Amino acid sequence: MLNKNFYLILIISLVFAISFWIGFNVNLLPAEASINAPIYDELFKILFIIGLIIFIGMTIAVIYSLFKFRKRNDQIGDGIALEGNLSLEIVWTIIPSIIVLLIGLYSYNIYDRMGGMKELNHNHEMMSSNTEKIWAGISQTSDNEIAINNLSIEVSAMQFAFLFNYPKGNFISGELHVPVDQKVSMKMESKDVIHAFWVPEFRIKQDIIPGQPTILNFTPTKVGKYPIVCAELCGPYHGGMRASIIVEEESDYNEWFNKNKKPEVNL
Amino acid sequence: MTISIDPQKTNNESLQPKGWLRYFSFSLDHKVIGIQYLVCGFLFYLIGGTLASAIRIELASPMSDFMPRDVYNQVLTLHGTIMIFLWIVPVVNGAFGNYLIPFYVGARDMAFPRLNAVAFWLIPPSGLMLVASYFVEGAAQAGWTAYPPLSITTPQSGQIIWILSVLLLGGSSIFGGINFIATIIKLRRPGLKLMQLPMYCWAMLGTSLLVVLSTPVLAGTLILLSFDIIANTGFFNPVLGGNVVVYQHLFWFYSHPAVYIMVLPAFGLVSEILPVHARKPLFGYTTMVFSIMGIVVLGLVVWAHHMFTSGTPPWMRLFFTIATAFIAVPTGIKFFNWVATLWGGKISINSAMLFSCGFIINFVFGGITGVALAQVPFDIHVHDTYFVVAHFHYIVYGGTVFIIFSSIYHWFPKVTGKMLNEKLGILHFIITFIGFNLCFAPQHWLGLNGMPRRVAEYDPQFQFVNQISSLGALLMAISTIPFLINVFLSVRNGKYAGDNPWNALTPEWLTSSPPPIENWEGEAPLVEEPYGYGKEILNENKNI
Amino acid sequence: MTTLDSSKEIQKNNSEVNETHEDFRMFGLITFLIADGMTFAGFFAAYLTYKAVNPLPDGAIYELELPIPTLNTILLLVSSATFHKAGKALLKDKNSESQKWLSFTAFLGIIFLICQLFEYFHLPFGLTDNLFASTFYALTGFHGLHVTLGTLMILIIAWQSRINGGRLTSQNMFPLEAVELYWHFVDGIWVILFIILYLL
Ligand code: HEA
Ligand code: HEA
Ligand code: CUA
Ligand SMILES: [Cu+2]
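Chains as they are written, first to last, in my numbering: chain A, 1 to 267; chain B, 1001 to 1544; chain C, 2001 to 2200.
If we strip away everything but chain A, and leave its shape as in the complex, we get (with noise of 0.2 Å):
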């Protein structure tokens, strides 16, 4: 008997040990490129550990049970005839509530982490009618902290295609630059069917959608050029509808945005 206890948790410390390293050596995901990232693969990393604890757990204990009960040439007749457990059943009703719950508690800490529990921004500075209603998206200002030092960007998307309005400079870019390290905040709006802008290496995704602007905010945290990809169907040409997103120094930034600008036209 001991023996048998001996054996089950030499094996559960042994998928343990092996999810754990296999969690943190092997890494799945591109460069980390905005605040959002690290945020982000610290929950990738854990929800990777447990769930490579479960699976492999499992599969060791079909592939043993195969093995281990499989019928012998020689055997007749059948298993022995137990029908249930309830302190077993139980406990694998419990213990995976805990680990579910615990895992939405911390997702839901991470995501506030990111800004997304944040209420939306409703007298965001780039809305010039206060009636104008933002649907949702991921905000990391609250009402508040009116961002004033945010880069404020307007994105249209289109068919098959998006264009960043910068208000400031009262010009329009198909590349979206900005600089490093700064919170960029931005108004999205699709002019026919939906889209959904996403930079992989940002960890972000929000839909565009038409008749319902939605803000996305993030902060980018390396200089580099990454795609900013389309994630939504949108029709032929949808896989090609991408763009990039040019994160510079500051300077770098400046010099860019200057030579676009144009003087503000007054009517």
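Honestly, I wouldn't trust all of these hints.
Claimed, not checked - Pairs of lysine to aspartate or glutamate, EDC-like flavour, derived with a Cα cap of 16 Å: (1) C:Lys-2085 - C:Glu-2097; (2) A:Lys-222 - A:Glu-248; (3) A:Lys-222 - A:Asp-252; (4) A:Lys-183 - A:Glu-154; (5) A:Lys-183 - A:Glu-249; (6) A:Lys-225 - A:Glu-154; (7) A:Lys-222 - A:Glu-249; (8) B:Lys-1186 - C:Asp-2023; (9) B:Lys-1535 - A:Glu-83; (10) B:Lys-1346 - A:Asp-74; (11) A:Lys-225 - B:Asp-1459; (12) A:Lys-259 - A:Glu-248.
Hints are computed from structural coordinates only; laboratory data are not their basis.
Note that the structure is predicted; figures quoted are calculated from it, not measured.
Mind docking chains B and C with the ligands on chain A? Use the hints.
Here is chains B and C with the ligands on its own, set in the frame of chain A:
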């Protein structure tokens, strides 16, 4: 609506064709209808699989070179629609349900045989119509989710035909659901208690409840969508003041329960197969029943996890995260119970067993990625990417399709009286299992690293992994060959099975194979312990 | 409906071995009506969501006049009662009385439909004018379709309850009971619809 045929006339069995011809007739025999569902579904599976192969060929190279881009969208729309509405749903519900449920409740047929036949005969025309729409003006090309406004702005004829055929298929599914509920609740043999029913009955009861409660909402939604397309109304058309997100809510209110409609019957089937081949009672019958009902209830309130990036308010995301993740609990109970069923058994390692165990492993993997997807912050990155594609193929293919194959190996002797060849069966399993994992495991990585779904062209950095995936798809296509050979050879020359080759205790095995027209020569047997394996041995041991 | 005689058939087949079942056709019908109710529930949910989140364009007209729909509500409620009378009469083998009540119920249904059409023609908005208009027509139209179907079925059973040769007798009440249940269901939906669409 009223079909008043003189009962005497329809009852006259001699008017019904005999032999294999009866499979092409408006038969009222539940066994014939079950086989009709299965064969019809399998033919559509071949069509859907051919379309999947076309997808994988296109994706073997990063450029859009195998077919035009809009054709690609049509192909993936048809693939998704056919696989779900014409293969999985009709087969796990219609085929096995019709064949098995009357046996399990000890009846001679379904509660409403005529409605049953109508439900089946709605399927072939709507399926053919769907496939034919490709040749009209191009098939629907807005994905199987048909999100407006895209579905409003793409060519109309394809989308309208798509809506029409999904409506008919939904109707078929509702008729089937009503029939199953009535059969299980009302047509039980006297003396048979609910808690003595084989688990598949419970699974079908739960599934049918979901069908009855959620499919009509899809019907309503599609009717509104077709108004938007034909009559120029603006329900989901933002140009006319409509709201596209409302469509998504209504659509997923059906289509999330639909995923349990696709998997609960499979849960039931595996609960029948494992005890027989492990020679052990099903572990934890009562908790299994409760977990099915738990899944049904939870399944109705988690739909918005498909819409985490659609501009839903934060509280809604929070609620749907927690509700979704909790489905892991009742589902987990079932999986642990199955492993416990295997534990300590005398397991015959045959094709049915292998496919069932493959199902457990694949589904746990897909379920775990599902729980990850349920976490909003996680989903935001991978929504609408190949990670999601991988998640659901792990469940629908690795789960449900594996169980369909397992069930075919298990019940083939019942239906035909002949055994399937085990060697070919195990070969089929090995190629399928390897091909399947090769095809879909790498797709998780693709999704995490930036490949969106529903694209005909992609970043060249993903080419290698996509080719591995395509190779896996090739293996899966090849794996159907031993299966088909096996079926055709065994139907003609297979070993005679006898009435009960597996020594099973569930009622369908207590009659001849193939069963007679009204299922039992005499009175239906009262099976109080469908899983009473090992009982005599226990008594013997006690005596000693 | 589609399944009128099937259970009898089974009973007949089973009777050889003494397996009889209670009549479960009503059960099937109730399940069907639950499904049908879910379609309406979907429409109601859509309507309420639109109302809550989608403001109508300025100048959109969505004032509804109350008299006709109120009259319609009364019509349907009365028709439910008359239908009930018809059932009671048939149970007492008073076929011709039953037939009278049924015809009167169908008549009320037809008046309802005429009023509904009258309202349609006098409304200040058309199907595609705005979101409210579209939902209004979709909901009332879908309900009207149910009333039409119900009226036709009532006419059929009224014909079947004729004294000589009719299939509807106190021994064969099911068709009447089925249509009655359906009719009450349609009434119930109308009451909800009336409250949500006209009163809220
Ligand atoms: C049969 C089909 C089926 C089934 C059963 C499931 C089951 C689940 N699915 Fe899946 N899903 C789909 C088919 C299915 N799914 C499809 C087709 C899509 C894509 C639709 C589209 O957009 O086209 C999709 C998409 C999808 C999404 C949206 C992703 C996105 O688009 O961004 C999400 C998010 O929450 C999700 C979650 C889940 C969860 C939590 C389960 C759970 O039910 C899984 C529960 C099971 C387990 C967890 C394993 C067993 C449990 C244990 C061993 C216990 C221990 C485990 C823990 C404690 C975690 N699914
Ligand atoms: C429900 C069940 C189901 C099943 C069983 C499958 C099975 C398969 N699916 Fe499916 N798939 C979906 C449901 C399913 N899929 C859905 C819902 C979508 C989403 C659609 C959307 O986005 O709208 C999707 C999308 C989807 C995509 C993503 C497309 C995209 O987003 O761009 C891919 C890509 O690899 C894919 C591949 C496959 C493959 C390789 C198989 C293989 O397992 C298929 C294996 C079978 C065969 C290969 C058949 C073999 C037979 C032959 C080849 C026969 C030759 C012909 C004759 C004899 C006549 N599927
Ligand atoms: Cu825009 Cu896809
Ligand atoms: Cu879902």
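Hint-by-hint comparison with the structure:
The straight-line distance between the Cα atoms of Lys-2085 (chain C) and Glu-2097 (chain C) is roughly 9 Å, inside the 16 Å bound, and the hint therefore holds. For a cut-off of 16 Å, the pair hint linking Lys-222 (chain A) to Glu-248 (chain A) stands: about 8 Å separates their Cα positions. Taken as a hint, the Lys-222 (chain A) and Asp-252 (chain A) pair is honoured in the structure, with Cα atoms around 14 Å apart against an allowance of 16 Å. Annotation: proposed proximity of Lys-183 (chain A) to Glu-154 (chain A) holds, straight-line Cα distance about 14 Å (limit 16 Å).
Taken as a hint, the Lys-183 (chain A) and Glu-249 (chain A) pair is honoured in the structure, with Cα atoms around 13 Å apart against an allowance of 16 Å. For the suggested pair Lys-225 (chain A) and Glu-154 (chain A), the alpha carbons sit about 20 Å apart, so the restraint of at most 16 Å is broken. Using a Cα cut-off of 16 Å, the hinted pair Lys-222 (chain A) and Glu-249 (chain A) holds, with the two alpha carbons roughly 9 Å apart. Only pairs whose Cα atoms come within 16 Å are accepted, and Lys-1186 (chain B) paired with Asp-2023 (chain C) is accepted, the gap being roughly 9 Å.
A threshold of 16 Å between alpha carbons decides the hint, and for Lys-1535 (chain B) with Glu-83 (chain A) the separation of about 10 Å falls inside it, so the pair holds. Between the alpha carbons of Lys-1346 (chain B) and Asp-74 (chain A) the distance comes to roughly 11 Å, so the proposed pair stays at or under 16 Å and holds. This hinted pair checks out: Lys-225 (chain A) and Asp-1459 (chain B) have alpha carbons roughly 15 Å apart, not beyond 16 Å. Restraint check for Lys-259 (chain A) and Glu-248 (chain A): the C-alpha separation of about 15 Å stays at or below 16 Å, so the hint holds.
Checked against the numbered hints above, the structure breaks only hint 6 and satisfies the rest.
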